[in-house]
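*Asks:* Between the sequences and the hints, there should be enough to build the whole structure, so can you do that?
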Amino acid sequence: MLLSEEWLREWINPQQDIQQIAYDLTQAGLEVEKINNPSTDHLQQVIVAEILESEQHPNADRLKLCKVNDGTQELSIVCGAPNARAGIKVALAAVGTILPGDFKIKESKIRGSLSQGMLCSAKELQLSDEHQGILELPADAQLGKEVSEYLKLPSTTLDIAITPNRGDCLSIRGIARDLAVLYAEHSVKQTPPALPQISPQHKDELPIELLAPESCPGYYGRIVKGIDLSKESPEWMQQRLRDSGLNPINIAVDVTNYVMQELGQPLHAFDLRRLTGGIKVRLATKGEELTLLDDSVMKLDEEVLLIADHEKPLALGGIMGGKDSGIADDTTDVFLEAAVFNPKNIFRTRQKYNLSTEAAYRFERFVDPTLPQLAIERATELLIATAGGEAGPISSGINEKHLLSLSNHPSLTLQRDFIAKFLGFSLSDKQITSILEGLGFTLKPIKSQQDGWQVAIPNYRPDIDCPEALCEELARVYGYDKIEQTLPRGALKPQHFQATTSTDDEVRSFLTARGFSEVVNYSFISKEESELFYPELKPLELANPISSDLSAMRPALLPGLLKNLAYNQRRQVNACNLFEMGLCFIPKDKGSTQAQDENDKLAQNDNLDANDNLSQNNYLSFVAMRPQSGKTGKGGKGGKASKHTRQEYKYDLDDLLTDVTDMFSLWGLKQGGEVVFVYATSPSTNIAIATTIDDSHLFHPSKHISIIRRHKKNHSVIGKAGLLHPRLLTFPQLSKLQGYDLYACTLCLDDLPERPIPAYKPFSDLPTANFELSLIVPEILIYADLEKIINKSFTQKPDKIELLDVYQSDKLPAGYKSIALLLKWRPTDATLTDEQVNTLVFDMIKKLEANHDIKLRS
Amino acid sequence: MDISQITKQLQESISKADNEEALQQVRTDYLGKKGQLTELLKQLSRLPPTERSSQGAALNQLKIQATQDINNKAGLLSQQKMDAELLQDTTDISLPKYGRERGSWHPINTVRKRIENIFNSAGYETVLGPEIETDYYNFEALNFPPQHPARSLHDTFYFSDGRLLRTHTSTGQVRAMETKEPPLAIICPGKTYRCDYDATHSPMFHQLEGMLVDKDVKFTDLKGTLQQFINTFFGREMQLRFRASYFPFTEPSAEVDLLWEIKSSGKKETKWLEVLGCGMVHPNVLKSGNLDPTKYSGFAFGLGIERMAMLYYGIDDLRLFYENDIRFLSQFA
Numbered sequence: 001m002l003l004s005e006e007w008l009r010e011w012i013n014p015q016q017d018i019q020q021i022a023y024d025l026t027q028a029g030l031e032v033e034k035i036n037n038p039s040t041d042h043l044q045q046v047i048v049a050e051i052l053e054s055e056q057h058p059n060a061d062r063l064k065l066c067k068v069n070d071g072t073q074e075l076s077i078v079c080g081a082p083n084a085r086a087g088i089k090v091a092l093a094a095v096g097t098i099l100p101g102d103f104k105i106k107e108s109k110i111r112g113s114l115s116q117g118m119l120c121s122a123k124e125l126q127l128s129d130e131h132q133g134i135l136e137l138p139a140d141a142q143l144g145k146e147v148s149e150y151l152k153l154p155s156t157t158l159d160i161a162i163t164p165n166r167g168d169c170l171s172i173r174g175i176a177r178d179l180a181v182l183y184a185e186h187s188v189k190q191t192p193p194a195l196p197q198i199s200p201q202h203k204d205e206l207p208i209e210l211l212a213p214e215s216c217p218g219y220y221g222r223i224v225k226g227i228d229l230s231k232e233s234p235e236w237m238q239q240r241l242r243d244s245g246l247n248p249i250n251i252a253v254d255v256t257n258y259v260m261q262e263l264g265q266p267l268h269a270f271d272l273r274r275l276t277g278g279i280k281v282r283l284a285t286k287g288e289e290l291t292l293l294d295d296s297v298m299k300l301d302e303e304v305l306l307i308a309d310h311e312k313p314l315a316l317g318g319i320m321g322g323k324d325s326g327i328a329d330d331t332t333d334v335f336l337e338a339a340v341f342n343p344k345n346i347f348r349t350r351q352k353y354n355l356s357t358e359a360a361y362r363f364e365r366f367v368d369p370t371l372p373q374l375a376i377e378r379a380t381e382l383l384i385a386t387a388g389g390e391a392g393p394i395s396s397g398i399n400e401k402h403l404l405s406l407s408n409h410p411s412l413t414l415q416r417d418f419i420a421k422f423l424g425f426s427l428s429d430k431q432i433t434s435i436l437e438g439l440g441f442t443l444k445p446i447k448s449q450q451d452g453w454q455v456a457i458p459n460y461r462p463d464i465d466c467p468e469a470l471c472e473e474l475a476r477v478y479g480y481d482k483i484e485q486t487l488p489r490g491a492l493k494p495q496h497f498q499a500t501t502s503t504d505d506e507v508r509s510f511l512t513a514r515g516f517s518e519v520v521n522y523s524f525i526s527k528e529e530s531e532l533f534y535p536e537l538k539p540l541e542l543a544n545p546i547s548s549d550l551s552a553m554r555p556a557l558l559p560g561l562l563k564n565l566a567y568n569q570r571r572q573v574n575a576c577n578l579f580e581m582g583l584c585f586i587p588k589d590k591g592s593t594q595a596q597d598e599n600d601k602l603a604q605n606d607n608l609d610a611n612d613n614l615s616q617n618n619y620l621s622f623v624a625m626r627p628q629s630g631k632t633g634k635g636g637k638g639g640k641a642s643k644h645t646r647q648e649y650k651y652d653l654d655d656l657l658t659d660v661t662d663m664f665s666l667w668g669l670k671q672g673g674e675v676v677f678v679y680a681t682s683p684s685t686n687i688a689i690a691t692t693i694d695d696s697h698l699f700h701p702s703k704h705i706s707i708i709r710r711h712k713k714n715h716s717v718i719g720k721a722g723l724l725h726p727r728l729l730t731f732p733q734l735s736k737l738q739g740y741d742l743y744a745c746t747l748c749l750d751d752l753p754e755r756p757i758p759a760y761k762p763f764s765d766l767p768t769a770n771f772e773l774s775l776i777v778p779e780i781l782i783y784a785d786l787e788k789i790i791n792k793s794f795t796q797k798p799d800k801i802e803l804l805d806v807y808q809s810d811k812l813p814a815g816y817k818s819i820a821l822l823l824k825w826r827p828t829d830a831t832l833t834d835e836q837v838n839t840l841v842f843d844m845i846k847k848l849e850a851n852h853d854i855k856l857r858s
Numbered sequence: 001m002d003i004s005q006i007t008k009q010l011q012e013s014i015s016k017a018d019n020e021e022a023l024q025q026v027r028t029d030y031l032g033k034k035g036q037l038t039e040l041l042k043q044l045s046r047l048p049p050t051e052r053s054s055q056g057a058a059l060n061q062l063k064i065q066a067t068q069d070i071n072n073k074a075g076l077l078s079q080q081k082m083d084a085e086l087l088q089d090t091t092d093i094s095l096p097k098y099g100r101e102r103g104s105w106h107p108i109n110t111v112r113k114r115i116e117n118i119f120n121s122a123g124y125e126t127v128l129g130p131e132i133e134t135d136y137y138n139f140e141a142l143n144f145p146p147q148h149p150a151r152s153l154h155d156t157f158y159f160s161d162g163r164l165l166r167t168h169t170s171t172g173q174v175r176a177m178e179t180k181e182p183p184l185a186i187i188c189p190g191k192t193y194r195c196d197y198d199a200t201h202s203p204m205f206h207q208l209e210g211m212l213v214d215k216d217v218k219f220t221d222l223k224g225t226l227q228q229f230i231n232t233f234f235g236r237e238m239q240l241r242f243r244a245s246y247f248p249f250t251e252p253s254a255e256v257d258l259l260w261e262i263k264s265s266g267k268k269e270t271k272w273l274e275v276l277g278c279g280m281v282h283p284n285v286l287k288s289g290n291l292d293p294t295k296y297s298g299f300a301f302g303l304g305i306e307r308m309a310m311l312y313y314g315i316d317d318l319r320l321f322y323e324n325d326i327r328f329l330s331q332f333a
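If you're matching them up, the sequences are chains A and B in order.
Per the numbering used here, numbering through the first sequence is continuous, rising by one, with the last residue being 858.
Per the numbering used here, numbering through the second sequence is continuous, rising by one, with the last residue being 333.
No lab work stands behind these hints: they were computed from the structure.
Small disclaimer: the values here were computed from a predicted structure and weren't measured.
Heads up, the beta-carbon is just placed ideally off N, CA and C, and yes, glycines get one too.
Any given hint could be a false lead.
To be verified - The calculated BS3-like cross-link candidates involving lysine-lysine, where the alpha carbons are at most 30 Å apart (straight line), are: (1) A/K788 / A/K847; (2) A/K824 / A/K855; (3) A/K109 / A/K145; (4) A/K444 / B/K287; (5) A/K855 / A/K712; (6) A/K482 / B/K215; (7) A/K447 / B/K287; (8) A/K401 / A/K286; (9) A/K352 / A/K527; (10) B/K180 / A/K34; (11) A/K34 / B/K271; (12) B/K191 / A/K538; (13) B/K215 / A/K421; (14) A/K421 / B/K295; (15) A/K482 / B/K8; (16) A/K447 / B/K268; (17) B/K271 / A/K493; (18) A/K152 / A/K34; (19) B/K63 / A/K352; (20) A/K670 / B/K113; (21) A/K788 / A/K824; (22) B/K295 / B/K113; (23) B/K97 / B/K8.
Claimed, not checked - Here are some chain B residues pointing at chain A (derived, C-beta under 10 Å): (24) S160; (25) T225; (26) F234; (27) S297.
*Replies:* Structure representation (structure tokens):
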């Protein structure tokens, strides 16, 4: 709310300057976001002058030639204003004056006539938007004086962010009331203007029927006849409205806005000619239409509250007037309305039709139900004083029951002990009563087990609904900054810290040590992007996204990470290792949530839990980008570049799989144990169920692994790792990544266990029994499968198999390779003898040669 | 020749020997078959018995000493020879290193962890919650009645089934009360969402919620706890300003401003910056968590992690956090 200092000081005039007032209001919960100081410096050089003569400019139809007296001399000035005429006092910017916009007034010739200064409009002086004519000053203004002495200047204003609980402070009156309590110790008294009752001068009134008393339990109206709307509102009223951010329109509308800003009660003025019969406050019929003041046509539903007459709807109750019944230039008789509306109904209609008005803003935050009559009296007074006319009696429609339930708030018991116990500091009885009574509460002492007060709540404070709320009133007026600091006292007990955050953070430390940097992406991506990466999946879409780019919840981290790579590549980064951790969102039962949504649209399912028919699991993905081999001739199996050569450090599939393997130690898991890598080219075993999104199509068909988590009963795929499919580089957002190899690992972290405590196993100092072995195996047999076959073929399998060498040569039969292995048996009671080992290996080789295409290399 | 003269000569010869050959010559000259000491020892038997034993002891002592000194010198010479050879093997170890550089935590997570560590050490347990939430945990259980204007304080992202993206980590409050008994001290960090997008607002941001519920928790405890936290976080005594505010789920409610020093065009200025919101847990919220407000009281606070990170690192643009430019990220390694 924009609060005019000048207006506020009419109601309460403390000695404190506006900075101090702003600070004190902010401390007490009425946050001043900004102090607006209108600059009036430029007015210092603008003086009062009188037009002595005004005649047509000889060479221009629209210009006038004026003789002007500035109190010391006569000047000749060319002026284009239609109202420039002899005898009026005007604002003169003499030669040398600098007006806003660095506009310096110079002596000049305009169409051949000398002009020694400028006669100013209100707009040119930045007083208002009025630019139709020059500013006319009062007839008694003294020539040569500064015009500011005769003008209503814009006031300093405070931009206050009123919180939704303080609807009572959306007015000068409300803020003055709070300020009076804050400055009570300085004995600052409120000085509100007298609010008289207007005695009726005629008997005409409109009958009022309340047909929706729950939404509108009280409606008041008065006919004022014979007003003259040909004049504008007085300058002081226009200025206060402008200071408050309200545009002056005509006297009738200005008066209602003025009273709303002053007292907090929104009012409406109808043109009496447009009303037929009387007022019916009713709910709309379905499909009923109403054209609003802003020309928009509303198609209404049965919950919308209407102000109607006996024939037609007139206005959206408490929100906006209708176009047809509004005040026109030739309106002479008006019907002034002020009513009590149920905040919930206003909130609903405003939200549904996306309307935003000053009236609705106040009504949904609650307006004191005892205000309407006072507001109508005040509006009548101002209207008659400025536009003439005769007031009739105030007629009303009231539903006692509903009105009481809105205006009466249950009284509260405030125990003296509770205040100190809850706030942590004590206030004297005198402080307590003076603060609360100043705010409008009524305190009655109670004598029971614990002394305290029965506190009656004023009509305008429905937000005070518990003793804790009364404590807040005490604390904020007393001053939060005066309150001491203490530390909680209670039983200290060690906490069991949930492992997820700490394991996540261990993953962060692991990956950063391995050269990966963490990114944080938005959890939403575009629907198109989601469908491009995961065509099988219907993504979860937001009902009200910020833009189509951010409309679908991400089903995986990979699209974001790849975009980050492309972003950095465009900034001359050629090698990049990134990772991200965070929730990903996947509808369960592919696509069915959307279909179900259609059914549920009308009856939103309140019983839906956060994780019903969707999964939001914690994922980890890491990616590495390297220029494709050959492009930079980087190290590898061929020529080895010195590590001092400026080039991207090597990262390849082996590095990726090493990182993945090592990472599992963070959960105490071993590759080959609880976690198994299934190689893309291994014969499919179909042992695992995919619990995560299937992203194998994003990987190179042969150069990736599936990461399987083995449970007692079933096994699940928890991730993938490998070289990404070159097809991804055809995606438009990744086109810059052509020429790069992209490696990635995706992993669902929710399926991983808390790291177990390692159970100590005794070890022996006896030497291991070793056996070196060279086998000739088919080229297509991968090592992981060979190891499995060997293990299966042993009667006592070795504790460890180490790879010594993979050898390919024309000396071997075509289609075969040689693999050299070191087998190790750990001693338990005694080391195996050479003969025992030989027997074991010999038996194993016999099985290999019998059942597989594998031979011992001689 | 007397013994002291030989001793002196011997020491001179050893120290003069600057290579292994020269030292070997000294060894031969004194200790060899025809060496001076050997000769003298041979001549012992010709001495009268009275002189023989004392002269014998002195000569033997000298022989032992000489052997040891020559051996020591030999060790020294061999070491020097090795070092001289090694010095020939030069490498430019000042060449720039292009290895695998350490990556970096995202600053949001570094700061989140820093805050978490402070509260964990004070006995607050970390809990997490879902980001797609129900209206109940995000609003209703937190004393935002339906059709209440306080809801317009949160620009909420909705799904068509009525669920939403949590607008604050305060969702952790009632979720924690449902599963834990007082004394209850939790923090709940995480991502939060609001439909607001400009230079100073991001549709996704990070918050950390904290809550303590016990018997006799007081408003002054909240002030003290937050002051201690802020001091610990910044590593120095900071000035805080508590002012009245409004959150439906706390009563009394407060905004906390931090007095911050800003250097603008060489001049130091101080400014109050809003850093967190807090208050005493509203009795209706305790009831949502099945706790009796006449028995228990508590405080809660919520702070923006981005804001803390911006102050901590001097970052001046919120958007940098989500651009994931490696030139930004690598500064936090």
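*Asks:* With reference to the structure, classify each hint as holding or not holding.
*Replies:* For each hint, the structure was consulted:
no.	hint	verdict
1	A/K788 / A/K847	holds (13 Å)
2	A/K824 / A/K855	holds (20 Å)
3	A/K109 / A/K145	holds (27 Å)
4	A/K444 / B/K287	holds (28 Å)
5	A/K855 / A/K712	violated (35 Å)
6	A/K482 / B/K215	holds (24 Å)
7	A/K447 / B/K287	holds (28 Å)
8	A/K401 / A/K286	holds (27 Å)
9	A/K352 / A/K527	holds (26 Å)
10	B/K180 / A/K34	violated (43 Å)
11	A/K34 / B/K271	holds (14 Å)
12	B/K191 / A/K538	holds (23 Å)
13	B/K215 / A/K421	holds (10 Å)
14	A/K421 / B/K295	holds (12 Å)
15	A/K482 / B/K8	violated (89 Å)
16	A/K447 / B/K268	violated (57 Å)
17	B/K271 / A/K493	violated (39 Å)
18	A/K152 / A/K34	holds (22 Å)
19	B/K63 / A/K352	violated (113 Å)
20	A/K670 / B/K113	holds (28 Å)
21	A/K788 / A/K824	holds (15 Å)
22	B/K295 / B/K113	violated (33 Å)
23	B/K97 / B/K8	violated (55 Å)
24	S160	holds (4 Å)
25	T225	holds (6 Å)
26	F234	violated (17 Å)
27	S297	holds (6 Å)
Consistency with the previously given hints fails for numbers 5, 10, 15, 16, 17, 19, 22, 23, 26, ordered from lowest to highest.
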